[in-house]
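*Asks:* Chain residues, written in single-letter form:
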Amino acid sequence: MKWTDFSTIEDLVQSIKTGQISVISIVEEVFKRIQQTRDFQVLLEDFEQEALKQAKIIDDKVRLKQPLGRLAGIPFMVKDNFLTFSQKTTAASHMLEKFIAPYQATSVNKLIGEDAILVGKANLDAYAHGSSTENSDFFTTKNPYDKNRVPGGSSGGSAAAVALNLVPFALGTDTGGSIRLPASFCNQVGLKPSYGLVSRSGVVAMASSLDCIGPITKNVQDNALILDIIADQDQLDSTTIKRDKTGYLIDSNSQRMVEKAKIGVISDYLIDGIDQKVKTNFLAKVELLKQAGFQVEDISIPLIKYALAVYYIICPAEISSNLSRYDGLRYGYHQAGADNIETSVEMSRSKGFGQEAKRRIMIGTYVLSSGYYDAYYKKAQQVRTKLINSFTELFKSYDFLVGPTVPTLPFKIGEKKSDPVEMYLTDVMTVSANLVGIPAISLPAGMIDGLPTGFQVMANIASDKQLLAFSSKIEELLK
Amino acid sequence: MANQLTDQDVLKLAKLSRLIIKSEELEMFKKDINEVLDFVSMLDEVEVEEVKPTNQVTGLQNVTRADETIDYHYSVDLFLNASKFDNGYLVVPKIIDEN
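Same order as they appear, the protein sequences are chains A and B.
Heads up, the first sequence is in my numbering, so the first residue is 1 and it goes up one at a time.
Heads up, the second sequence is in my numbering, so the first residue is 1001 and it goes up one at a time.
There's no promise every hint is true.
[To be verified] In silico lysine-lysine, DSBU-like type, Cα no more than 30 Å apart, as pairs: (1) A:Lys-147 with A:Lys-110; (2) B:Lys-1030 with A:Lys-305; (3) B:Lys-1030 with A:Lys-416; (4) A:Lys-56 with A:Lys-32.
Hints were generated in silico from the structure; no laboratory data involved.
Let's have the full structure, built from the sequences with the hints guiding it.
*Replies:* Dropping the structure here:
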């Protein structure tokens, strides 16, 4: 039996622990598949020798009946903006091309602490700036369902890795949709948890008030398991919040809680800028929810049409601040030849950053500059407050809000690359959850013309457990 | 809002951002930045008087921990990422002009 034949990670771990399947055979299969799928350009680094060594250690532990973690022998990948100790962490940028991480992300520590095996690091848009992986400074990952199309981004490598059966789960980061969008384009389950639920320590910062870390998996149960392991307060990230006392696993109790869930359909997402096929498919799934006995009503959030504009002020502002640390001296790309420090910094940054990073740094610098701060940055923060209030109000009457994850099907490589605003519009349905801080998940919602589409569910802040329980109830229905 | 940035504005912005823009990139950056500023100018329509700005969503305040030293054994690795180091110091180009 191969690991890909198991329907859940939990089942696979059970078979590993009882010695029915060896970890070595799993890891060998992983690297065989990595070789077979090289064309898709999913990985930036892989760790075959280390992973095989780890596999042997766990197989030995099984034989000697020693205690094993909850993810014993499970291979996984992380997006290459997670620091992994003494390994390269590039964020798919020239700036960090040679950067060796001197410590490790808290979330990676937690997974390895449960005996999971890191097998590689996945491609992304450089610094997670993008929606397609086309902004990677190295190469574009291809969609597993159509090589001419993008896998979505920025966690495109992570989503493609799970879709191509390279690993049963991968971690991504989501600042404006970067987990949910590629999950949708690659037909996987992608969760952006509540802001602060998973420590950001050891993850290359993009926009600190929006950045979230979450799992991309094949099904909701696996997603809940990984969240249950990585969600925790962390002394190394003072923005982390308390986890749910009962954890995040799906149980009969949590499923009962959502049996009579009241659902609001965000009608504003269905008006313009949406592919008609995506809309028709989405509405058909909503019909299925009604038939399943859920109370479903159309709702409207008039302010939601401003969410993307708010995002494209706040996000570049925070990016320009976070990327100001790259001086080419302490770490990162260094351009030699300058005779003073200012020129040295300018030369290193100009060579090390790609176009999209430069564009966002300059927009951020502009909206934060004296004279424009109130008109742009402060204004965006105020509209953010109003948007949060709209959602808070709605969650008094509704348990979950639903909509498509992305307004279009996976687009062709190159199709949107030359038009930044067009590319930004890909995030129009996902950014609100980041601005509001609420959890949101993308679930596979069937295929249209052979291409995947996603169904997004949002819940109130810190209701990640309810969100997962509800998602597991509807996931079969949506497929 | 929605001012159109000129070549001079973009060059100044690049300088403030510690970036050098090549002359052949100037037109592209100017166009892209202006398009984004034009797009976000829709916020002009929203009334925000008396609305408090949101900096963060957790509501957490004054998060502290005990001020204790935690051993860190990898200081050498930190230096290995630097452009130049010598005897436990980072070496940088000169900061103060001789004149």
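*Asks:* None of the hints should be skipped; say for each whether it holds.
*Replies:* Structure-based check of each hint:
Taking the CA atoms of A:Lys-147 and A:Lys-110, the gap is about 34 Å. The hint is violated against a cut of 30 Å. This hinted pair checks out: B:Lys-1030 and A:Lys-305 have alpha carbons roughly 25 Å apart, not beyond 30 Å. Distance hint between B:Lys-1030 and A:Lys-416 is fulfilled; the C-alpha atoms sit about 18 Å from each other, no more than 30 Å. Taken as a hint, the A:Lys-56 and A:Lys-32 pair is honoured in the structure, with Cα atoms around 17 Å apart against an allowance of 30 Å.
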